[in-house]
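Based on the hints, put chain B in the right spot on chain A.
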Amino acid sequence: NAGVTQTPKFRVLKTGQSMTLLCAQDMNHEYMYWYRQDPGMGLRLIHYSVGEGTTAKGEVPDGYNVSRLKKQNFLLGLESAAPSQTSVYFCASSYASSYIQYFGAGTRLSVL
Amino acid sequence: GESVGLHLPTLSVQEGDNSIINCAYSNSASDYFIWYKQESGKGPQFIIDIRSNMDKRQGQRVTVLLNKTVKHLSLQIAATQPGDSAVYFCAETTGGGADGLTFGKGTHLIIQP
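Note that the protein sequences, when read in sequence, are chains A and B.
The opening position of the first sequence corresponds to residue 1 in the numbering used here, with each subsequent residue numbered one higher.
The opening position of the second sequence corresponds to residue 1 in the numbering used here, with each subsequent residue numbered one higher.
No lab work stands behind these hints, which were simulated from the structure alone.
One should not assume that every hint holds.
Claimed, not checked - List of simulated lysine-lysine pairs, DSS-like, C-alpha gap at most 27 Å:
#  : chain 1 : residue 1 : chain 2 : residue 2
1  : B       : 105       : A       : 9
2  : B       : 68        : B       : 105
3  : B       : 42        : A       : 71
4  : B       : 105       : B       : 56
5  : A       : 57        : A       : 14
6  : B       : 42        : A       : 9
7  : A       : 9         : A       : 57
8  : A       : 70        : A       : 9
9  : B       : 68        : B       : 56
10 : A       : 57        : B       : 105
11 : B       : 71        : B       : 56
12 : A       : 57        : B       : 42
13 : B       : 105       : B       : 71
14 : A       : 14        : A       : 71
15 : A       : 57        : A       : 70
16 : B       : 71        : A       : 14
17 : B       : 42        : A       : 70
Chain B extracted, bound-state conformation:
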């Protein structure tokens, strides 16, 4: 079964509000996590990553939080814009990463005007 999953398949927020997308993982050996954004008709695009030895990492308008105790990952998007509408996937890997990423099912983020 899936070792990485998301709590909510669809999330609708008002433009300008902050968004929080959640992800649960079951493999305690996972040591690296990535968030991808996939717009309609396109391939996944890298957003931000975090290693298991970190709790938080910030990028431009995005923050990823990692709680290893409960195996939970979240992506926070500040001041959401229409261009943020997409499906967001969390992915994990263990070891050297050569054997690919394990993806969750994705959350569809909808930005309301």
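Chain A with its partners taken away, still in its complex shape:
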């Protein structure tokens, strides 16, 4: 049972480049989330999804887009990367009936 898997683990981008971060969960969770974590700060919610085909904005959504075409996958896209998006990105998932979220190992992204 892999839990929540994020790919890639590391990535370096140049300003203006685009990329997609993939999150996959095998726990049949209804809800999925994307957070970013910056030094000295807690995690901040970017976008979330309460089901296949449904997404919503979190606290810091600007510059990101998401899609949830399949229940087990949640994609985070950066259309035109900026240095301010240098961060560690975490995906999480949970059952609809529970507040407990399970996290992936993170993707460390640097934008030069």
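Here is chain B on its own, set in the frame of chain A:
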């Protein structure tokens, strides 16, 4: 601004001693709280949770205390071990929880041999 925060960014304790990590929250409507542990290079890992209708909850070597009067949450770790070294976050949510958790900035717990 942050609705959940921690008093001390770093806490250093001797191995075998008890640790207490504190958290203050400002949203009186929060009804559910979680403590997460994050080891270096890993994602947050669930430790223990508590609902707002409770004052105390115990797990294995950990206890969470909730004081709603002063909006304060604490995590007590008994007989700390080297493996307890990590950053600890408190998180809160209101309503159905579907819109995610609000995290504090975290406390780095260092275990001295």
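Quick rundown of the hints versus the structure:
1. 105/B with 9/A: 23 Å, holds
2. 68/B with 105/B: With a Cα-Cα distance of about 20 Å, the restraint between residue 68/B and residue 105/B holds, given a limit of 27 Å.
3. 42/B with 71/A: With Cα atoms ~24 Å apart, residue 42/B and residue 71/A stay inside 27 Å; holds.
4. 105/B with 56/B: 23 Å, holds
5. 57/A with 14/A: 25 Å, holds
6. 42/B with 9/A: The hint holds at about 11 Å.
7. 9/A with 57/A: Measuring from Cα to Cα gives roughly 24 Å; hence the hint holds.
8. 70/A with 9/A: 21 Å, holds
9. 68/B with 56/B: OK: residue 68/B and residue 56/B at ~11 Å, within 27 Å.
10. 57/A with 105/B: Roughly 21 Å between the alpha carbons, so the hint for residue 57/A and residue 105/B holds.
11. 71/B with 56/B: 14 Å, holds
12. 57/A with 42/B: 25 Å, holds
13. 105/B with 71/B: 16 Å, holds
14. 14/A with 71/A: 31 Å, violated
15. 57/A with 70/A: 18 Å, holds
16. 71/B with 14/A: Answer violated: residue 71/B to residue 14/A is near 44 Å, above 27 Å.
17. 42/B with 70/A: Distance of about 25 Å is within 27 Å: holds.
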